[in-house]
Every structure is written in C-alpha cells, then in structure tokens.
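These protein sequences, in sequence, are chains S and P. Under our numbering, think of the first position of the first sequence as 247, with each following residue one higher. Under our numbering, think of the first position of the second sequence as 37, with each following residue one higher.
FYI, nobody ran anything at the bench for these hints, they're computed from the structure. Don't be surprised by glycine CBs; every beta carbon is placed ideally from N, CA and C. Worth double-checking, as some hints may not be accurate.
Here are the in silico distance ranges between beta carbons for each label pair [claimed, not checked]:
1. P/S123 to S/A327: 48 to 58 Å
2. S/G386 to P/Q589: 42 to 52 Å
3. S/K288 to P/E213: 26 to 36 Å
4. P/S464 to S/K347: 49 to 59 Å
5. P/R634 to S/D399: 40 to 50 Å
6. S/G316 to P/V468: 45 to 55 Å
7. P/E487 to S/A327: 42 to 52 Å
8. P/R644 to S/Q334: 38 to 48 Å
9. S/Q334 to P/F64: 49 to 59 Å
10. S/K347 to P/P76: 40 to 50 Å
11. S/G316 to P/Q588: 40 to 50 Å
Derived EDC-like pairs: lysine to aspartate or glutamate, alpha-carbon spacing no greater than 20 Å straight-line [what the hints assert, rightly or not]:
12. S/K347 to P/D212
13. S/K295 to P/D173
14. P/K113 to S/D434
15. S/K347 to P/D173
16. S/K347 to P/D200
17. S/K381 to P/D212
18. S/K324 to P/D173
19. S/K381 to P/D539
20. S/K326 to P/D542
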Amino acid sequence: MMPRTLIFLLLCLPLLCRAEATTTTWGPTQLMQDLAQVKIAKATFTERKFLSVLNRPLESSGTLLFQSPGHLEKHTLKPKAESLVLDQGVLTIDIPARNVKRTLVLQEYPAVWAFVESIRSTLAGDLPTLERFYKIVLDGDAARWKLRLLPLDSGTRAVMREIRISGRGDRVDSIETFESNGDHASMDVLEDAP
Amino acid sequence: MSCKRHGTLGVWLALLALCLFIISRSVFNTDMSAFLPRSPTPTQQLLVEQLRDGVVSRLILVGVEGAPAPVLARISKAMAARLRGDSELVAVNNGERVGLEKDFGLLWRNRYVLSDAVTPQRFTAQGLHDSLSAYLDLLGTPMSALAQRVLPDDPSGELLHLLDQMEGQAHPAMRDEVWFSRDGTRAMLLVQTRDSGSDIDAQERVMQHIQTAFDAAAQPLQVSGARLQMTGPGVFAVQSRASIRDDAWRLSLIATLLVASMLLLLYRSPRVLALGLLPVASGALAGVAAVSVGFGSVHGLTLGFGVTLIGEGVDYAIYLFTQIEQHGTPQNTLQRIWPTLRLGVLTSICGFSAMLFSGFTGLAQLGLFSIAGLVAAVGTTRWVLPNLLPAGFSVHASPRLGAAVMSVVRHAPRARLALAVLVLAALSLLFVKRDGLWNDSLGSMSPLARESQLLDAQLRNDMGVPDVRYMLILHADDQESVLRQGEEIAVILRGQVQAGALDGFDVPLLPSHRAQLARLAALPDAASARENLEQVLRDLPFRSTTFATFPQQIALAKQQAPLDRAALQGGNLGLRLDSSLLQRGSGWVLMLPLRGVRDAERIGHDIRGATRSPFILLDMKRESEQMFHDYRREASRYALFGALAIVALLFVSLRSVRRVFEVCLPLVAAVIIITAGLMLTGHALSIFHLIGLLLVVAVGSNYALFFDRRCASPQDRERTVTSLLFANASTVLGFGLLSFSQSPVLNALGSTVAAGAVLSLIFSAILIDGRDA
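Excised from the complex, chain P in its bound form (with noise of 0.2 Å):
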C-alpha cells in the first residue's frame, strides 16, 4: 500500500515537473493574435494588420484639462517640446508651428511635380489668365498677403491648389497657439508612436513617458487640478491588459480568500485546506503546458480566463473532502462518488471541446487549457488527494444546516409548475427579441470599460479626427506601379467627391515617376511662359514687373529631376507618406484613407467601373463585426455540437431517457432563463456571454448527476446535497466577484456563471427525483 502510494505521489511530481520543464520554455504573447481567425480571409487579413500595425493603431490622443486655458497651453508646450526627443515617438503634434516650415518648403521647391493641376493647358494664355484671376479674387480676401507672397513666382497657382488638397483634415480649435477642444476646456496633442499598437510593453513605456512629460510640465506651474488623459488603440491594448490583469488578480485574490474561509470553517484544518487547492493548481500547469505544447505559444488571455475556466477543479475537493463519512476512508468515499464525478468530468470536457475547434486562436487555446486543466485536476483528486489526506478527516457541518437544506430539498419538486411558467414566459421573450440576441460590434468585444469608449469618442470629437473606418487599399508588384494605380484611382474618387459620395481623401504626396515626367515636360520655357504671361496681363491689372523673374524660374524648374520617396523625408509629409505607401511581401501596397463616406457601395461599384486596377474598398468597421460575427456563429455551432456530445455521453453512462432528461432539464431551464435574464437587463450576447453558458453547462452538470445518483441512505444524500452546496457556494463567490470588474469581458463571464451556477443548483433540486433506496 505504502510502496503504491508512494509510486502515485512520484508519478505525478514527476508530471508536475514536465509541466514547469515546458512552461519554463514556453513562449508567452499578449498581441491581438488571439482574436483573430487562424485561416482569415485577404480582407480579413488587410483588416487585422491595420488593427495591429497600421498607422490608426499607432496614434495616441492627449488631453490635458482642469486648469485654466493658458496654463493648459503651457503644459502642452513643454510637454510636446520633451516628448519630440523621445525616439520611441515618430510625431508629436499639438497645434504649434513647429516642423511645417520644412514641410512648406518641400511643397514650394517642388510645386511643379507635385501638383497633379500641372498640364500643358496650365501655362497657356488662357491657363494663366484663368489662375491670375483666382488670385486678384484672393487679393480682396484677408488672405491677401499669403497670395501676394507667393504671387510672383507661381502665377499658376500650384502651391494654393496643393494646400487647398490637404484642407479638410483635422483642424480641431486652436486657443493659445495650441490645439483645444472647441469648449476651450482641454489642450489636445496627438502623438505617433514609433511601434504598432499591437505592442503593448512598447504602448505602455510610450504612456508613461507622456505622463512623465506631464508631470514635468505642470510640476512648477503648480497646478493641482490639471489632469492627463489618453487615448488610442495602444492605450486601450495596455488599459484592457492592465484591466483584466488586475481585475482578475484582485478579484480572484478576494475571491480565493473569501472561499478559503468558507472552506477552513468547513474543514477546520489548513492542511486540508492546501491539499483542496491542489487539484486547481495541478490543473493550471497541465493547461499552460499542454497549450504551449499544441500551439507553440501561451496567449495572456489563455493564461487569464483559463483558471477560471477549470474553478469548477475546486470543486472536486469539495465533493471528496465533505462526502467522507465518519470513520469513513477517502477511497470508500470516492468509489461511492467516482462514477459520478467522472462523468461529471466527461461532460465538461465535451463541452469545452466545443471550443478547442474554434477558428478563433483564444478561444481554442482556452478549450485545450481547460481539458488538460481539468483531467490533471480530476486526476489529482481521485489518485493523489486520498493519499495525502490526514488520517480520520472527515467533515462535520452543522446538522442543523443539513437538515435544513433537505427539507428545502424535499419540498422543491412543488415548484415545478411555477418553473415552467418562468422557462416558458423566458423562451417567448427570447423568441421575440430573437433578432436582437446577439451583439456582434466591436464594442461588446472590446475588453474596455465604457468610460474608456465614450472618452475616446469624446476626444476624438475634439480632436476632428473621426474613426477611420473606409480605406482603399491597393497592390502591386513595385512602387511605380501602385502611384499609377492610385493616381487612376483618384481621378475617379474625386469626381466622387464632387458627387457627394464621401468628403474626401488622403492622396500620399509622392507622385508616380510617369506622372512627375509629364509635368515637367508640360512646363513650357522661358520665352513661352514671358509671351503668354504678357498676353494675359493685357487684360487684368497685374503689373507686369510683378513676373519678371517667373519665366527663369520655370525653366529651371523644367530641368528638375523626379523627386523620390527620400527627397520627401523630414516632416510630417514623409510620415504620411511612409504610413501609406508600404512594402509588403514581395509587393508595394497604398492606402487611401476615406473621410466622410456616405456611400460605399457606389465608390467601390464605380472604381470596378472605370478601372481595371484591383483594389480593397476595406469597411473596417463592418469587416470587424462580419469577422466578430462569423465567430460567434462558429462558436455557437460548436457550443451545439458540444451539447449533443453531453446527451450522446450521458445516454451511453446513464442508459435511460428519463434519467438523460432529468439530467439535462435543470440545464437547459438555467441557459434559457440566464439568456432571458441578460436580455431583460439589456445585455445582447457576446461571445463572452457564450462562454459563459458553456461554463453553466460544466458546472452545473455536475449538480444534476450528483442529484441524480442514487444514494445508500438519507446520510449519504444529505452529504451529497450539502457538499453541492459548498462546491456552488464557492462558484458563485469566485464567479460572482467577477461579475464586479469594469472590464465588459469579466463581467459578462462573472455573471452568466455566478446566476447560472446558482440557477443550476436550484432546478436540479426541482426537477431531479432521487431514486434512494
């Protein structure tokens, strides 16, 4: 016996320490990996890099507010000033003149190439005539001085069309010298950071630098009221980790205190205590070792949600330490309770199966967690625990308390009636609301609280820069090509513009080398320009000393060579440039973001049209919920096949339909009138909530075979009944708590399993007749 015991011990020390051995060499990641489909489709794919690396994911928006505007522009120049050396920072902007002088520089010297107005018409007499009376319209305006600065040298115009071009980007308010809300009540700056982010350690240094550039700038204006808010998708990305990181941590910690209480009252004994922790801490080492083993690489996520998901592992201790009758041994005990238990294990694992078949990486790698997690758990009850309990340990809970709980139980079965009248009112309130069951925006996926959403709503507001949410994205095989594809393109976009189709859109500023050449050969030469200009000066009132120097000019600008991508480095043109035009595989790839759309389908309906050129209209917005929304179908696909698994289990151990529906009933009465319940208190179902159920299904089936099992005698079935009991106690409590977090995500999960384990527990009790003999 003892030389077995001791084999039992060693074998699963030994499996204990494979599993550190792995986990030591295993690979942890918290990118968005786990939330998207292991075999996405192209547009997909464009989708979740944009999300990940492009240039949207990258920005950070800063408010400072709660002081006074000229303060607030102070802390926003010092702090822009310190966080333009931060090499961690591509672009920093808060309103301030700073860098567009080289970027009014570059337009200037190579207005000729750059203008897509240039053409031979251009510089004709009528051309020109045409442009000069633009200007003396201009002249009449207070803009006056800008139009005569540049007047002489560019009577045709290029410079105002090009900075007419970028008119209709971000122009939030300005008091100060500095970007402001239009109230006037927060100071905006908005930062580029050089990392995607989808980096979320690079994301969180980035944040606190500017909180360090924050403090450093408001400290010696003395201002106690001034407060630094951001916001972004990397900001997100660290606040939903930090969230779900501390929510978890906190609320678990609470949670495993208040269950160790509850469970050292019960035991009176800390050893015990300890020794019903092993099964969960076993559990966790298989899972994390099994899914670095069969995917290469642990996700955070897996890594949060998985303990949570085998809680139902504390359980067994449960279920063996107080089912121990007096004088009783654990192994009489768990040959009395094993067949139930298996079974009861059995079914977790074909419902969590469901998952592990799932396109979607998280949550595949959270149904392998929880099958290992949970076998290593079972596992460790029925083989180790006995081994290690002290000798004679057995449970004495009040007697008061069980023949309370049995009287309860004895008269349950009155409340049947009462129950089909709560299922049936909960099924045709789903069956109304059947089309708003589900929520499949980004939102209800989003593991932030709403406070975080509706701030960065508002910041954006203020900021003019509204979601990016249309983006034309085209591919090629070089550089050149993909410019000639975007310039097609953008004759036929703004003559969609004109149509009121969108608003506009980002053209990048590096013209195609064809497109360069034409221009420069539509330059006409000096004494062209001189002849034409003097026409035209016969009729409007310019003088014509004004141009001398104009005709030189424009044939030296005629000997220019193509400007190329390097020539338009150093300011804020070259970055735009450098988030839009990309390389990628073995091509080059462009991308036009859309402002203002108003209608899609026409754009992308009119560009196949008019061009053979292939190209991506991505809907950000509506690719997400497509992809969000595939998965959820997939999941709930497979949450079904999963429960006809359990039925398909159970007819196999139980071998009766009544005792399949009895089992079962409880089940299905808890998930019907939890969904209802989430609708009342309006809650559409995220994936999250899906989840959730899932878990009610593992628990809860628990409860309903233990209900069912037939039981030696009325002590027996009082100490299954009370055992129930506690395992549910400390579902509720853990899940419960959860149910407390900010993080949408927690909360959800918190709340399905607290009242459907819970629920479970009670209809088991209503619906289940014990067969005791």
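Bound-form chain S, shown alone (with noise of 0.2 Å):
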C-alpha cells in the first residue's frame, strides 16, 4: 500500500508544482483582473506637456474620477477650469471660459479614440480592447509594474509612438505618452485613500 500510495504522489508532484507555477505567473491577464476589481477610483493629478509648437511646458492640474467601465472625467483646476467627460464612447470637452462645448463621438476620430482608450481599457482592466488598439509589453511585477502600449493601427502610429502606463498592485501612478512628432507629456496620478 505504502509504495503506491507514495509513487502516486510523486507522480502527481510534477502536476502540482505547474498548478501552483500557473497561479503565481503574473501577466497582463492578472493585472487587467486586479485593475478590473476597481469599480470606482477618485484621484487628483499633476501633468506637464512637452509640445514642440510651444517654447515652455503646458502644466496643469485637477481631479479625476472613474467609474468602471466606461465613465471616466478629468476636471483640470488650473491654470484655467476644463473638463472632458468620457460616457459610452462620447467625449464632451467643456471650457467654461470660452463657453466652448464640444461633443466628440470617439469612433469619429480614431486617433483620439485610440488615446481613450488607452486610459479607459486600463482603468477599467479591459484587456480586449486594449489589445485592439496596442501590443501590449508589460514590465516589472505586482507590485510594481509598467504597461507599455505601442499603436497597432498606422493611422494612430502617425500621431502617437507609445503610451507607459506604470502603477502598483490595482492602482494606477502615471501616465507618459510620447508622439510621433516628439511631444511628449506625463500625467501623475495620486489615488484617493478608498
């Protein structure tokens, strides 16, 4: 009895050790499950643009909020109020100051779409899309990682080169995204305590 109970188990072992390897194995499919947990997320951000048509950086800050999956605002406080409002694929960009309101269905402009959803897919741990839109090079581990997304679609390459999205465990801590033109601009996101 003894001898088959113990062949058994050494037969299992090698089952066992895959069994525990696939559970520890940390990829895009986790990460976008832990992102995916987070229904609703409130920050406040800080972000610097790098355009080459300006001789100084454009700095602004604000708030954001996410409400899983599709809702995600961005109100900038300074220098000047703005807000985009991203709602089932419609963005609503609202200047108060000039009165400009401007309603953009996302599909229209499919660079602008691409750059969306960037965020959104991320935010709301949406691999599909994601993967629609990007190939996908994911650094580091739980803890702490960095999503790198490189445009599929030609149209898109001509305007953006790549998106670093990097961040820990389910939250996210910066957002880089670097054009084609060689703009480039960086987000800083600080999460609300839940």
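Starting from the two chains in their separate frames, assemble the complex, guided by the hints.
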C-alpha cells in the first residue's frame, strides 16, 4: 500500500508544481483582472506637456474620477477650469471660460479614440479592447508594474508612438505619452484613499 | 320584343366598349396628388412640394439587426460598398469615413471664404491673440493632435470654426467603425435616393436594391438571424401602396368568394351568379372611364376604393333576383321594385355627390366614380339583367328562414324604447367627448400600420435624426440674392440659438459672392500678418517658427477667386447644398432646416422685426394637420349638404313628412351609434370614417326604403325582407373583411360600413311601420 501511495504522490508532484506555477505567474491577464476589481476611483493629477509648437511646457492639475467600465472624468482646475467627460464612447469637452462645449463621438476620431481607450481600458481592466489598439509590453511585477502600449493602427502610429502607464497593484501612478513628432506628456496620478 | 332585347344589349355592349376604349387611353398615377388640395395656399404648396420632392422625402433609414455587432458591422460595410455604386442613390452613409476626406479637403482649402468668422478684426493682434489662446486650451485636451496639425497654417482657427458649425448634426453611436443604435443591437445606414419620395416605382426599385445588397452581404457570413429594416417617406409610400393593394386584393378575393358561395347557395345557378356581378363590373368600368374623362387621370386610390364604394351594386342584383316570385317574370318584379330601387340609387348619388365637390382630389374622384358607377350598375340591373336571366328563374329561400325572419321583424318594434335609450346615451357620450371627436393628425391619414410608424420613430431616434418639423424658406429672383438673405437671417437665427429658442439650424455651405469678396478683402497682406503675429507671440508660449509660412499663405489666399456652386460638388457638402438651394420656376429657393425648435412664434416674430426679406417659417406638422383639418371640415360640410339633399329628395318622392321621418330615423340612429361606438373603442374620426358613414347612409337608405315600400302581400313582404337580409349579408361580408386589414384606412372604412349596415337594417326593422295592405 505504502509504496503505491508514494508513487502516486510522486507522479502527481509535477502536476501540483505546475498548478502552483500557474497561480503565481503574473502577466497582463492577472494585472487586468486586478484592475477590473476597482469599480470606482478618485484621484488628483498633475500633468506636464512638452509640445514642439510651444516654447515652454503646459502644466495643469485637477481631479480624476473613474467609474467602471465606461465613465471617466478629468476636471482640470489649474491653470484654467476645463472638463473632459467620457461616457459610452462619447467625449464631451467643456471649457466654460470660452463658452466652448464640444462633443466627439470617439469612433469618428480614431486617433483620439485610441488615446482615450489606452486609459479607459487600462482602468477598466479591459484587455480585449486594449489589445485591439495596442501591442502590450508589461515589465515589472504586481507590486510595481509598467505597461508599454504600442499602437497597432498605422494612422494612430502617425500621431502616437507609445503610451507608458505605470502603477502599483491595482492603482495607476503615472501616464506618459510619446507622440510621433517628438512631443511628450506625463501625468502623475495620486489616488485618493478609498 | 326580341328585337328590343337585342337593341338593349347592343347599346349596353357599345357603352361598355366605349368605357374600355377610354380606359385603355387613361393615365393612371399613384403619386401624392390625391391627398393634396386642388387650390393650395403658397405655404401648403411648399409643404406639399417638401413632402413630395424634398430631401426629407428621399431619405431611407436602414437598420440591420439580429446578429452580433461585429457581424452587423461587416454586413453594413459590404452593403454600403455595393450601394455606393448604385446610380439611383445619391448618397449612402453608414458612418464609415468614406468621402469625408474630400469634404475635409474642400473646407481646408477654402476656409477663408467659407468661414463667416473672417473679418478684418480677426487678423489684428487682438484677434489672433484670442484665437491662439483658444488653441492653447485645446492643446490640453485629446484634440491636441488635430489642433497641432492645423495650427501652423490656420492660427485664426477658421477650420475649427467651420467644424464647430457643423456640430450638432446627426450623431448616431458607432461600433466597429459604423453607425449603430445606442444599445448596439442594430447597425444603421442612411440612404438618399436620386428620385423623389413620391416616385413610388423608383422607391420600390431602390428598396429592392437595398434588399439585394443586404442578401449579398449577409449570405457569405451565414447568419440566419440577421434582418433588414427600412423606413422613410418613400418606403412608407411603397408599403402603403402594397398593403392597400395586397389587403384590398386579398380581402376582396376572400369576400368575393364568400359572397359568391352564399349567392350560389341561394340562386343555385352559376349563370345567375355571374349575371349578378354584371352591374358592379359595368359600374366599375363606367366609373373609371368617367373619372378619366372628368379629371384627365385616374388615381390608384380611386381604383382601390371605388369598387368598394359601388359594392352597393351587388345588392341591386340581389334585390331583383331574390324578389322574383314563382312563375313571375323579372319584368314584373322590376315594375314592383323599380320605384324603390331608383329612389335608393338617387339617395346614394345625393350622398356621394357631396364628395364630388371636395377640394381633396382623391375624394372628388371617388365621388364621380361612385355616381357614374351606381348609375351604370342600376341601369344594367334595370335594362340588361332581365333580358339575360334564364326563363322561369326564381329563388327558393328556405321557408323556415322566411318565417323566422318575419317573426323577428314583427316583434322588432318592441325594441323602440330600448333603441331610444341607446341613441340618447350615444348622443350624450358624443356631447361629452365632442372636443375629441375628430383626429386631424397625419398619423390618422397615414395608410400605414401602427408598427411601421413605431419602427420609423425608433430608427429615427437611433439615428439621432428627429423629424424635420420646422423649415425656414427664403425666396428670391436669383441665387446671389437668396444667399444674401440667408446670411442676413442666419445672423438673426444665431441670436435665437443663444437665446434658447432653438437648438440649431443648417446653413448652406456656399456664401454669397458679396460675403466671399468681403472675406477676401478682410485678409491681411503678408507684412501685417507677420507683424501682428510677432506682437501676439510676445505673450503667448508658441514658438515663432511654428507660423513661419503663415504670412505667405494668407497673402496667397487673398488672391483666391470666390467659389461658385460647382466648386463644392463631389462630396456630402455639395449634396447638402443641392438639397437646400434650389431653382424653382423663375426664382431661387433656400431652405434652412431648424433643429430643436422651442419657440417658433418668437423666431418668426424676431425675424420679421429684424429684416424685410420675405420668408416662410414652415411648420410641417401644423401645416399638414391644418390641411387635413380643412379637408375634413369641408368634407363634413358637404356631407351635411348631401344629407339635406337626401331629405329633399325623399320629400319630393315620398310626399309625406312621416314617411321621410321614418326612413331617415334608422339611418340617423345608426350613424349616431356607430360614431359613439368608434369613440368608445378609442377611435377619433378621420376623413375615412366620414366616407364610411356616407356609405352607411347610401346602403342603409335602400333598406329603409324597402321597409317603407307598400307590399301587396305577406309573401311579397317576406321576399322583400329576405332579399334585404341577403344584400346585408353580402355587404357585411365584404366590408367586415376589410376591417381585418392592417391599413388604418381600410380598417376604418371596413368596420364603419359593416357595423353601420347591420345597424341600419335592424333599426329599419324596429322603426319603420309596414304600410302593407
């Protein structure tokens, strides 16, 4: 009896090890699952944009609100009040000081759409959508990760070279964008304690 | 005798041949002309033109549903690709970015003449400071890439201004690069036909092309559940023609079979059965021929309904055939019943002549058709049928039936009190609900089934295209003047949009020559452009190299020649221009569709106060309701005259107040109770109910007159009543079946007449005292 049981256990050992390995392998799927757990998040941001048409960086700061899966708000408070609201694929840009309100159906503006999805899909943990627009390269581990998004569509590539999103656990810390013309922007995100 | 007989038949055949000859040379049409007034006001004229030929009439909304979104998107793309090559379509849009580059390029190249923001102030240091600050705001948003692309060559922001002005138009949701309903279950396409919506044959062809494109797109994907839906004014026209045609044919066929079976049982002779149809057939030929001669053309509607209206002609043969006594001859029978029959026909003619005077072409044609048809039918019954009946023919209805019917008739007067109570109750109901008696909405006139109307509302909602209800219409002798007027009024309207009186309006892209020249003159030369820019860049963070080529560019643009209409062709923008700027007669018309109008009165008032340009603010909904309201009122008025004429006719013929009263009473009671019944079942009266009531009076008056007729013997009375019963049964079968039609029009007509015929018969039995020997 004894040897048999032992043999059985020995035979099972590799299987058990593999099972163990599967649960601990951390990758885009696992990261997205973690991110998808966050249903609502509030944060403050500071952003710096370096644009070739400008001779100094554009700096701004404000608040972010995300409600999974499709609602995202960015309220810039400084230097000028301005709000961006994404809901169900429609982006509303509101600049009260100029009395400007623009509504964009994102699918009509592929480049804008791709950019907006890089953030929305990441926050929502929506891997299929993300993979539709970008080649994904993930560095780091669950505790400290960096997601590099490389646009697949040539039209989008003409505008955007790469987006880097880094974070810790299920939180996003910063978003950096590198445009094809050499412009780049970085946004630091400080999430409010839940 | 035989000679006279042959002579009669010869005349009849010659008349029929004449009718056939006229019909063979007749023009038949199916356009909207039947629904239009004969002498419209200018606004009605515009409305009618819009409904008939306007761009709105040429739009077909297409929905594809019943499969997963990616599949629907593929079908949509394949359909659009195929339909874009269709010469009968001028535009096919499904949200794909096809042809937009052309429009975009057009806007970009001509931005300085197209943008109404171009003024000399626009290019001063202050003006450029404003526009560049606006750019700066935009650079912080996801629109930054677009902004950066246009910024160097367009620092005053003309392209963005033009794009902003086009905002607010249809914005359906998108999935997989094509338009979808908000819930993602239906892919949407918008198609504009080359031919007008009132060209029903053309619309039907286009619908077939769309169906073929759908089949070709869906088949390779092997999706069984995918469905195609279409809606739009042209589709409605096709559907209603088909449904009236199908329903009228199908239901008429069933009705004919039923009535024929009943009569065959009664007559027991196929030959007599066939003879019984001669009056109606002759009547129909005479009716078509008369309308063709009287109006120059025959409308499809007249053909469809006309035969129904002279269905009374079937009764004539029944009255004759079923009242021939055993061993009697048709001639003897006719001698007895002819005065009554003649009076019945005259009564019907009085009723229908009301329609003859209608300003509604369709109604007038129907009136003439019925009058000519009934005269021919009764003539055939009187002079032709007796000569063709087999010798010794008489009908042997079951004696038990006769006895039972007579027993009911004898006891009928006992119900008078109950009937009086019922009529009073109905009258008080009508009095209470007198405000909601009439339904003048377009929906009630629409021959469409309710489901089609709902589908249309849903697709429009998905597409984000609300019904175009308000339109501002300008008119001038030449294109330049009408465009100038448009520019003047656009300024006023912009103020109205700010004040919240409306959401927006569509302006034609083409500016007047004068405005274009003024804009070109407003552009700075290279030197002052450079100087002003330099000044602005001192306090804005833009790199000065960004705008290096701008001064030369604007100087070049200043040399540009003004655009004409041809320069804008080739894209969606040109198409929109063509649909809003039209040459009409000797002048030009400019149409500005208004969106989200909240206060039409104020808009009209303010424009009148600010400009002397003549304009028409067309409210399509109110105007069409007003038009139908006018028809209906007119029709009611003529119906009233018709009723008075009937009473006068009865006085002259019957020469007794009491008898006239007795003959009229059952008809009045039937009309009152039918109307009350319609109200109770939630039907407000439309013009078609009115026609139905007119028919009730026409058919019912025959019943009342036969009840009123003095009979020589109880057998004669029994035969008379039995023949009324059979005539009534054939009417109820015919019209009762129409009430199963999906088409509200046929339905209204069928249920009103079937119920009215039964009630007139019953009420005649209850209210008319026999004056038999």
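Tested hints:
1. P/S123 to S/A327: 48 to 58 Å: Since the Cβ atoms of P/S123 and S/A327 sit about 53 Å apart, the hinted range of 48 to 58 Å holds.
2. S/G386 to P/Q589: 42 to 52 Å: Taking Cβ atoms as reference, S/G386 and P/Q589 lie about 48 Å apart, which means the hint holds.
3. S/K288 to P/E213: 26 to 36 Å: Between S/K288 and P/E213, where Cβ atoms are some 33 Å apart, the hint holds.
4. P/S464 to S/K347: 49 to 59 Å: Hint holds: Cβ distance 56 Å, inside 49 to 59 Å.
5. P/R634 to S/D399: 40 to 50 Å: holds, 42 Å
6. S/G316 to P/V468: 45 to 55 Å: holds, 52 Å
7. P/E487 to S/A327: 42 to 52 Å: holds, 49 Å
8. P/R644 to S/Q334: 38 to 48 Å: 42 Å Cβ-Cβ, so the 38 to 48 Å window holds.
9. S/Q334 to P/F64: 49 to 59 Å: holds, 51 Å
10. S/K347 to P/P76: 40 to 50 Å: holds, 42 Å
11. S/G316 to P/Q588: 40 to 50 Å: Holds - the Cβ-Cβ distance for S/G316 and P/Q588, about 46 Å, lies within 40 to 50 Å.
12. S/K347 to P/D212: Judged against 20 Å, a Cα distance of about 26 Å means the pair is violated.
13. S/K295 to P/D173: Roughly 12 Å between the alpha carbons, so the hint for S/K295 and P/D173 holds.
14. P/K113 to S/D434: It is violated: about 41 Å lies between the C-alpha atoms, which goes past 20 Å.
15. S/K347 to P/D173: holds, 12 Å
16. S/K347 to P/D200: Holds, at roughly 9 Å.
17. S/K381 to P/D212: Status holds; Cα separation ~19 Å.
18. S/K324 to P/D173: holds, 12 Å
19. S/K381 to P/D539: Violated, at roughly 43 Å.
20. S/K326 to P/D542: Not satisfied, since the Cα-Cα distance of roughly 32 Å exceeds 20 Å.
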